[in-house]
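Participant: In case you want the letters, here they are:
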Amino acid sequence: MVASIVSTGLAIGCIYALIGITYNVMFSASRVFSFTAGTLGMLGGVLGSLFIARLGMPVEIGFLLALAGGVLLGIVTEIVAVRPVLKSLDQHLYVLSTLALALMVQQFTAIEWGTEARPFPRLFDIARGGFDQQFWLPMLACAAVIVGLELLYRHTLIGRAFLAIAEDTYAARALGLPERRLRMVSYALAGAIGALAGFAGGEMLLAFFGNGPMLTFYGFVPVALGGMGNNRGAVVAGLLLGLFQQTANFLVGGIFASVAVFTVFIIVLLARPEGLAGAALQRRV
Amino acid sequence: MDTPMANVRPGRADVLGATGTLGVALPFLALLVIGIAFPLFGGGYWGVIATRACVYWVLVSGLNLVVGFAGQIAIGWVALLTLGAYTTSVLVAGTVTPELSPYLALAIAALVGAIFGLIVGLPALRLRTFYFAITTLGFATIVTQVALAWQSVTGGGVGVAGPIFPKPFDSQWGFYYFCFGLAAICTWMTANIAASRFGRALTAIRDAEVAAEACGIAKPALLGAVFLFSGAVAAIAGGLFASLQSYITPDAFTLDLSVLFFIAILIGGRSSILGPLLGTILLTVLPEFAAPLVAWSTFLYAVLLLVIVLAMPGGIAELLDFKNRRPLESGRAIVPRPELLGRLLAAPADGGALMLEQVALAFGGVHAIDGLDLEIRSGQIHGLIGPNGSGKTTTLNVISGYYAQQSGTVRLNGASLPVLERHRRAHMRIARTFQTPRIVGSASVLQNVMIGGTIDGKCTFVESLLSLPRHRRDEVLLRDTAMLALAAVGLERLAPVRADRLQHSELRFTEIARALMLRPAFLLLDEPAAGLSAEEISRLAALVVAIARAGTGVLLVEHHADLIFDICHHVTVLNLGKNLAAGTPAEIRSHREVVNAYLGG
Chain A
1 MVASIVSTGL AIGCIYALIG ITYNVMFSAS RVFSFTAGTL GMLGGVLGSL
51 FIARLGMPVE IGFLLALAGG VLLGIVTEIV AVRPVLKSLD QHLYVLSTLA
101 LALMVQQFTA IEWGTEARPF PRLFDIARGG FDQQFWLPML ACAAVIVGLE
151 LLYRHTLIGR AFLAIAEDTY AARALGLPER RLRMVSYALA GAIGALAGFA
201 GGEMLLAFFG NGPMLTFYGF VPVALGGMGN NRGAVVAGLL LGLFQQTANF
251 LVGGIFASVA VFTVFIIVLL ARPEGLAGAA LQRRV
Chain B
1001 MDTPMANVRP GRADVLGATG TLGVALPFLA LLVIGIAFPL FGGGYWGVIA
1051 TRACVYWVLV SGLNLVVGFA GQIAIGWVAL LTLGAYTTSV LVAGTVTPEL
1101 SPYLALAIAA LVGAIFGLIV GLPALRLRTF YFAITTLGFA TIVTQVALAW
1151 QSVTGGGVGV AGPIFPKPFD SQWGFYYFCF GLAAICTWMT ANIAASRFGR
1201 ALTAIRDAEV AAEACGIAKP ALLGAVFLFS GAVAAIAGGL FASLQSYITP
1251 DAFTLDLSVL FFIAILIGGR SSILGPLLGT ILLTVLPEFA APLVAWSTFL
1301 YAVLLLVIVL AMPGGIAELL DFKNRRPLES GRAIVPRPEL LGRLLAAPAD
1351 GGALMLEQVA LAFGGVHAID GLDLEIRSGQ IHGLIGPNGS GKTTTLNVIS
1401 GYYAQQSGTV RLNGASLPVL ERHRRAHMRI ARTFQTPRIV GSASVLQNVM
1451 IGGTIDGKCT FVESLLSLPR HRRDEVLLRD TAMLALAAVG LERLAPVRAD
1501 RLQHSELRFT EIARALMLRP AFLLLDEPAA GLSAEEISRL AALVVAIARA
1551 GTGVLLVEHH ADLIFDICHH VTVLNLGKNL AAGTPAEIRS HREVVNAYLG
1601 G
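In order, the protein sequences belong to chains A and B. Each step along the first sequence adds one to the number in this note's numbering, with nothing skipped, and position 82 is 82. Each step along the second sequence adds one to the number in this note's numbering, with nothing skipped, and position 349 is 1349.
It is possible that some hints are incorrect.
The list that follows gives simulated cross-link-like pairs (lysine to aspartate or glutamate, EDC-like), each with its CA atoms no further than 20 Å apart [said to hold, decoys possible]:
no., chain 1, residue 1, chain 2, residue 2
1, B, 1578, B, 1375
2, A, 87, B, 1500
3, B, 1458, B, 1480
4, B, 1219, A, 90
5, B, 1219, B, 1421
6, A, 87, A, 168
Honestly, the hints are just simulated from the structure, not real lab data. Just so you know, these numbers come straight off a predicted model, no measurement behind them.
Just chain A, with the same shape it has in the complex:
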């Protein structure tokens, strides 16, 4: 029983953490949180099921196409919902524009794909049992993303340019960094990560249009608790969230588990609005 709670909790936690990282990658490039983060996760599952199960493509091709779908939505988010409202960041119009885009994608999926949850194909032809692929796939994806981002940020020029933009956009622009193009690339990257989360977690979450708002909420919890833009914080908080949710699920049952998660989220946020890892106060006057 404990083994099942731990493996399910960690796997779900990895999916939440990946969505959290999706939020973070977008945030670092633009100081904007986007409602499309969870939608990307939903899309990863639906596209994977569409390409592999329905259209019968090989797993590798389906995987790449699902990621490509995520990249596309990432870029569209940047062009349609983020870039036009960046000028007036203080009016928080991005909350509405990204919400509108997320709803459009969700409704489109609901109509074209259907409103019931469909199964996601098994990716590797190995027998079910014990520590199954549905558990280790999200963990593998999460580890790969963390290592990949770490290598990108520390050891490549473009990665350092990302960090420079995240640190101080104006200074980066003054240094001649192509801020707009880097922002676009960040959103494309975030799109791929979000789609990967949904693809790797497809077997657990199924290919379901309603996963969007669910992932948008649960994926934001690690961001809020781990600190904005802090990927390591997001992973730790995501894993804790997954374990907490599964434990509560086992102890008090499904509904009250979500009530418990929500309550803890609110209480922690009210006690520490800047997240457990903390962040500096903004100058207002």
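Starting from the known structure of chain A, fit chain B onto it as the hints suggest.
Facilitator: Leaving out everything else, chain B in the frame of chain A:
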């Protein structure tokens, strides 16, 4: 103070005001007549649509105060509709309690809704926009899950029958009139709030939160009241919704509905009642004209939301705002009438003082102010000059409570001022202006100035809601005082104009008028002459002198050395956070170090 102010109010403004009131009420009256007469020409099915529009508006009217006025992005408000629907239905069905009358059940639902509205809304006090939006989204998800899983009470996926209201509201048109009546009452109540100091304070929190704090607006109490009200009407709408549907399951309360409510407000436009009302009617009726598009309706709403955010942030309300399309006269001048200040400012009898003693504040390793002494006396102008980064604005921010000093004290008439607690400063009659004017752009100049007098209103939120006599007295008094303040700074002709149409210099004088509404004992001016023409600066100088003569102590932070030397009684020169020199203008002008460091040889 009850001398008639009519002589300072130019006749034209009166006329504008009168037609303005009628013009504002006319569309509502038209809708009222159409609504009452509706059964005469609406068929059976259209009756259901009309009833639904009324039910939605009951909810949207309350949500409008949260979203359109206070600017809090509450996207999960459907949760309160769900809560109200289930509470009413379950209480009337009598599965858990004895069967209750629908009216009593509706009242209990309103109470439950108010409490939950407060619980959902409270995080808005600490969390910023996106966090709050996500919180309401999470709440909506969870309420649906609970409705689905708590089978013994809610019937789970099978659902529960909605309440049926007794005669005469059991027929289709009877129920329609019941909902229509409630919708009309909600319109009236929220319009009252919109036109009260509470409505103005909400827009100030939305667009100029820092200025709202400086005016003494207590955000927790105000938002708390709004969330209680909004939750209550949302739950009432839920009870009506359940009765209209006649049977409810969790499926009926999707996030799509939340989106509809939310978008109705944004299409309508912020800080408007009529706009969101038209938006609600439009969004309820529109799908009926395009039957094949029903499946796509939420998709289209989302497209609409995107278009509005990107292309028309003002919504319907701005389209209908013909008054503010007329060009303003060009070459208009600000001509203050300082002689009116005597009536506006009641001179404090005591010769009080605002004192800083050895105040120090460092940001990291930078000593912004470092052991500063300063004394501002009633009726005198104290100039604070120094190069950029010498700590002038920081000093002002410590006095007005935006920064906490790390050592030293600020004393008002001998008593030490509490650290931070900026909204308490207004109650101590300390007013301020800002380097960049903080103004509610979508409100009129008059409304912006009236925001300054928020704490002097006597009536409660409920009194304003119901437009009781004390509310009306408050409004008359605030309006007259604001007109007087505007006349004193020379802007009374611009009173009805949207503030975002003003020139920079006019905004600076608007801020001074708003600060004067507090009848300040001490007025802190942060670079009021920046961006003004030479002529405007001399008028500003005369105005500031008159303000001091009326008994107010003024702290003037400025870069224009001429202005400082012309009008100040005392001058303090700062350099790197320390007193470089202090004394009369004549002493400063001949101070060797000051001349070297700042004024130039």
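Participant: The structure should be examined with respect to each hint, and the outcome stated for every one.
Facilitator: Taking the hints in turn, this is what the structure says about them:
1. B/1578 / B/1375: Judged against 20 Å, a Cα distance of about 15 Å means the pair holds.
2. A/87 / B/1500: holds (17 Å)
3. B/1458 / B/1480: holds (16 Å)
4. B/1219 / A/90: holds (19 Å)
5. B/1219 / B/1421: At roughly 12 Å apart (the allowed maximum being 20 Å), residue 1421 of chain B and residue 1219 of chain B satisfy the hint.
6. A/87 / A/168: Between residue 87 of chain A and residue 168 of chain A the Cα gap is close to 16 Å, so the pair holds against 20 Å.
In this structure, none of the earlier numbered hints is contradicted; all agree with it.
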